[in-house]
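Construct all of the structure, not just a fragment, from the sequences and the given hints.
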Amino acid sequence: GAVVSQHPSRVICKSGTSVKIECRSLDFQATTMFWYRQFPKQSLMLMATSNEGSKATYEQGVEKDKFLINHASLTLSTLTVTSAHPEDSSFYICSARDYRDTEAFFGQGTRLTVV
Amino acid sequence: GESVGLHLPTLSVQEGDNSIINCAYSNSASDYFIWYKQESGKGPQFIIDIRSNMDKRQGQRVTVLLNKTVKHLSLQIAATQPGDSAVYFCAETDSANTGNQFYFGTGTSLTVIP
Chain A
-16 GAVVSQHPSR VICKSGTSVK IECRSLDFQA TTMFWYRQFP KQSLMLMATS NEGSKATYEQ
44 GVEKDKFLIN HASLTLSTLT VTSAHPEDSS FYICSARDYR DTEAFFGQGT RLTVV
Chain B
65 GESVGLHLPT LSVQEGDNSI INCAYSNSAS DYFIWYKQES GKGPQFIIDI RSNMDKRQGQ
125 RVTVLLNKTV KHLSLQIAAT QPGDSAVYFC AETDSANTGN QFYFGTGTSL TVIP
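In order, the protein sequences belong to chains A and B. Counting in the working numbering, the first sequence runs from -16 upward without gaps. Counting in the working numbering, the second sequence runs from 65 upward without gaps.
Check the hints yourself; a few may be wrong.
Straight-line C-alpha distance at most 20 Å; calculated SDA-like pairs for lysine to any residue [to be verified]:
(1) Lys24/A to Thr74/B
(2) Lys24/A to Asn161/B
(3) Lys24/A to Asp113/B
(4) Lys106/B to Pro23/A
(5) Lys47/A to Ser73/A
(6) Lys106/B to Ser149/B
(7) Lys135/B to Asp113/B
Hint data in this document are derived by calculation from the structure and do not stem from the laboratory. Remember, it's a predicted structure, so these values are computed and weren't measured experimentally.
In structure tokens, the structure reads:
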């Protein structure tokens, strides 16, 4: 299947700083990318959907000013957690979808720890 | 969102036995479903998919059953192996929706006992 690369895999940051997570589709053009958040022993919760060249659509309850999403090209989307707090510590996973395909491919996830 | 999971059911099976993992979805408009396997610290991995115009689909050692009447999916794993130990999620999407978002079910943690 197609490859989605997510970077970094782990990051530790201080409270109040911002962290950027990158999601790249390596062998296909991803017109749509999705960002999920996962707490331990829980399911993946969709945070937002981003379409290349347009603003992201956020799920209800997700603060768009806190979780900035930029889908600047057909192969790259970034999620920036601004002014991070310990409660933002979580596993963040991106997913990318080729317009020709119905399947969504997932990155390997980013473990964010805010101290 | 759609189905939101707050608990993670567990299932333990003996190596070599068959496993059945169930999933209930909530959106009657969902027409495409995928089963994913997630190992600890990793992203979900595609296992098998099914469209709403089918009620059964088979892969290698896996079978997915779809019951649209009761909005229920199941994943059957034949001759379960230790490498099958992981968390399994079903994901649903309404492909007529321009967002084409996938929403995940609660998930089930499968442990295979050697």
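Evaluated hints:
no.	hint	verdict
1	Lys24/A to Thr74/B	holds (11 Å)
2	Lys24/A to Asn161/B	violated (29 Å)
3	Lys24/A to Asp113/B	violated (23 Å)
4	Lys106/B to Pro23/A	holds (12 Å)
5	Lys47/A to Ser73/A	holds (17 Å)
6	Lys106/B to Ser149/B	holds (13 Å)
7	Lys135/B to Asp113/B	holds (15 Å)
Violation of the numbered hints given earlier is confined to hints 2, 3; the remaining hints are satisfied by the structure.
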